[in-house]
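Asks: Each protein sequence line maps, in turn, to chains C and Y.
Adding 142 to a residue's 1-based position in the first sequence gives its number in my numbering.
Adding 7 to a residue's 1-based position in the second sequence gives its number in my numbering.
Source of the hints: derived by calculation from the structure; they are not laboratory data.
Honestly, I wouldn't trust all of these hints.
[Unchecked claim] Calculated pairs, DSS-like style, for lysine-lysine (alpha carbon to alpha carbon, straight line, at most 30 Å):
1) Y:511 - Y:31
2) Y:350 - Y:287
3) Y:348 - Y:140
4) Y:92 - Y:456
5) Y:74 - Y:87
6) Y:140 - Y:182
7) Y:407 - C:194
8) Y:491 - Y:456
9) C:194 - Y:432
10) C:194 - Y:182
11) C:194 - Y:287
12) Y:74 - Y:456
13) Y:456 - Y:407
14) Y:511 - Y:215
15) Y:245 - Y:511
16) Y:143 - Y:87
17) Y:432 - Y:128
18) Y:148 - Y:187
19) C:194 - Y:140
20) C:194 - Y:178
21) C:194 - Y:128
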Amino acid sequence: MLAYTAKRALLAALVALTVSAACFMLVHLSTDVAVAMAGEGARSEDIEFVRKQYGFDRPLAVQYADWLGRAARGDFGESLYFRTPVGAIVWARLPTTLLLGALAMAIALALSIPLGVLAAMRPNTWVDRLTLVIAVVGQAMPSFWFALVLILVFGLHLGWLPISGSETLAHFVLPAIALAYYAAPAIMRLTRSGMLEVLASDYIRTARAKGLRRPAVLFKHALRNAIIPVVALAAVQLGFMLGGSVVIETVFALNGVGYLAWEAILHNDFPVVQAIVLLVALFYIVLTFLADLANGWLDPRIRIG
Amino acid sequence: MGKRILAAALVAALCIAAPSYAGKRDNTLRIAGNQVPESLDSYFNNVRLGVIIAHHVWDHLIYRDPKTNEYKAALATSWKWVDEKTLEFELRRGVRFHNGEPFDADDVVYTFNFVSNPANKAVTQQNVNWIEKAEKLEPFKVRVRLRQPFPAALEYLAGPVLIYPNEYYAKVGPKGMSEKPVGSGPYKVVEHQPGRLVRFERNADYFKESPRPQPTIEKLELRLIPDQNTQAAELMGKGLDWIFNVPPDQAKQLKSVRDLTVVAGETMRVVWLTLATHDKTPTAVLKDIRVRKALNHAIDRQAMLKTVVGEGARVIHTLCFPGQFGCTDEGAPRYSYDPAKAKALLAEAGYPNGFEIDFYAYRERHQTEAMIGYLRAIGVRTNLRYMQYAAMRDALREGKAGFGHQTWGSFSVNDVSAGTPVFFKFTLDDVNRDQRVRDLLDAGDFSVKPEVRRVAYKNALALIAEQAYVVPLYSLPVYYAHTKDLDFRPYPDELPRFWEARWK
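Next comes chain C alone, as it looks inside the complex (with noise of 0.2 Å):
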């Protein structure tokens, strides 16, 4: 097992590590950054004079090794938009997005594991069909429409809810179910299957043959056993949601990690979409790798294999 997670560990670096060169280089060729800076209107000498006073006339390998090294102290840098150390932004706007991420998740469990149980229990009947046209549409939907016809029924014309900010716990229930729908699918639809995997088992039918009753069996028995594939799906539905963020909050004008992102992009602000990147990138990986450690002790074939 600790070979497996050495193995396991090694791995997530790396990939934390190529992402954000990636991210960096693909930032770097996309524009030029003093450009973007200097903005509408600025002589070639002010252009270089940004070059020259933020180190951009280097090669692009040797400012990568500088923000890697800064970084790996914690030193993120500066905003270029903002002017304030980059860390200090994202880390002011974390918890709007965990909080985000966190009641979305929660909204997105309570919907789909009952309604993934329910057609389990009701194959192919007009049960299930319901919650495939609800997933179907869950996944189809861009997240950005919902969540404006979410504005504009329960904000604008029931007025149950604000439309806009962050301010108060209810500013986060409308982002949430949006975040939720985007997340809920592909919950919905693994639980499904992995409940009708194991109810169709022998133990399940020993338990019944033995006289438990009904919810006994579906969720002391059965739901126990499906639900293990979803906890990890769950894990990186989160990741998902972290990314997807970035348009719910933008939408909902909520001060999250999301809305900084758009802004950055925004304003080419490449140290702060860098971060941003790097951040989501390891939430995901830290997650995953979690996954596969659950994954390696539940099932001895997968470390061994």
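Could you slot chain Y onto chain C? The hints should help.
Replies: Only chain Y this time, still in chain C's reference frame:
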């Protein structure tokens, strides 16, 4: 029990969160913008919203009345040109900044010398790089030396150059000024949550002699909402009172909402087709004046205004915004919409079947596409290259692009020197490089005599039009939407003046 407490807490949190309603009732004007200013220190900000905030918090030496374009005494009571590179100002006594610091010559000298020093990295260099230094002559008298003759200096002094309190600015620097702005303007910042909101309160001690009217709206609350649709929803739901930069299609819909008013305002941003004729132009076909004239006759500007640009805009015949000092189309040829004539000119130039050309564009794509239709009608087949502004500018500068849909807002500076010369004075953006045009623009840029300037600019603009170096099209409109309770008037410099807004 624990679960019950949790549920009760959740319900309480939801109840507390009843949205705050905007309006006249609490004398608070709630407004929104979609781009977070990088800093509230106006010398370290390039975003329109930051400019709007700055004009409410700080004051100028000189004020330009937006209704008459007349310069009026603000923090300076009088001013004079000592020579072409020197200005002197008598300053107003008895003015105080929001923190109580009295205003005097030291504030002007410190502000000017700090922001014009490139080492201090002010991002709006173009607004201050004409200042060489400022000197205190007396406690209420200053002299400002210019790097070169720059008659538009007064326009900058009445626009982006604002006066900061020297003691406070020296202590806190640009970062502190952004966190807690202190000025002498009609509104003071009472709360700033970066990236979220700024709250203002009327400055009750605003100096009575100011050419700006005393504000009547007690509080302003500015929220940052990046999505235009969300802003519109907040406006309809009475969470906001005023929004701007409303897209034309949304403006049309908001017009039908009972409690809202939608106003179209003109902006200083003008639109034209750029036609590169310099030696390395990748579009050699544009070197023929007959082709350039044909392109001028090809586009129905009036029809474009009606169908795709929207109300509030106007057709232009020379490359400048009609309200700017020195801008005129007097003496310049006008090219009417005449596709038959355009085709004849192309045939005369040796292109009876038209030609193919790469067409660069970066904004208002629907307008670009309308232009493509008009060009096709005279036989000009375009390959659209749609990209970011910086990429298109680089392509034009490097001679990779020669034909583009261009726009320019002159930084809302009401003087031709902030517009036309940027594209015709052998700068990186000059794709025509005509020495005669440059000399005429130089004469306008460097004289402090208004009449000399007017004549020089008129001749330069006429020459550009005669040579058909560009296809001047129209100014762009901007839409504002606000509650019917508000009396609000827009101006072409896109600067909402809430100090003169009133509740009805």
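Asks: State for each hint whether it applies.
Replies: Here's how the hints hold up against the structure:
1. Y:511 - Y:31: Within the cut-off at roughly 9 Å; holds.
2. Y:350 - Y:287: Satisfied, since the Cα-Cα distance of roughly 26 Å is no more than 30 Å.
3. Y:348 - Y:140: Since the Cα atoms of residue 348 of chain Y and residue 140 of chain Y sit roughly 55 Å apart, the hinted pair is violated (cutoff 30 Å).
4. Y:92 - Y:456: Roughly 13 Å between the alpha carbons, so the hint for residue 92 of chain Y and residue 456 of chain Y holds.
5. Y:74 - Y:87: Distance ~23 Å between residue 74 of chain Y and residue 87 of chain Y Cα, so the pair holds.
6. Y:140 - Y:182: holds (23 Å)
7. Y:407 - C:194: Holds, at about 26 Å.
8. Y:491 - Y:456: violated (45 Å)
9. C:194 - Y:432: holds (26 Å)
10. C:194 - Y:182: Within the cut-off at roughly 22 Å; holds.
11. C:194 - Y:287: Given that 30 Å is the threshold and the Cα spacing comes to 29 Å, the pair holds.
12. Y:74 - Y:456: holds (23 Å)
13. Y:456 - Y:407: violated (40 Å)
14. Y:511 - Y:215: holds (23 Å)
15. Y:245 - Y:511: Holds, at about 16 Å.
16. Y:143 - Y:87: Within the cut-off at roughly 15 Å; holds.
17. Y:432 - Y:128: Cα-Cα ~26 Å, so holds.
18. Y:148 - Y:187: holds (28 Å)
19. C:194 - Y:140: Since the Cα atoms of residue 194 of chain C and residue 140 of chain Y sit roughly 25 Å apart, the hinted pair holds (cutoff 30 Å).
20. C:194 - Y:178: holds (28 Å)
21. C:194 - Y:128: Roughly 12 Å separates the two Cα atoms, so the pair holds.
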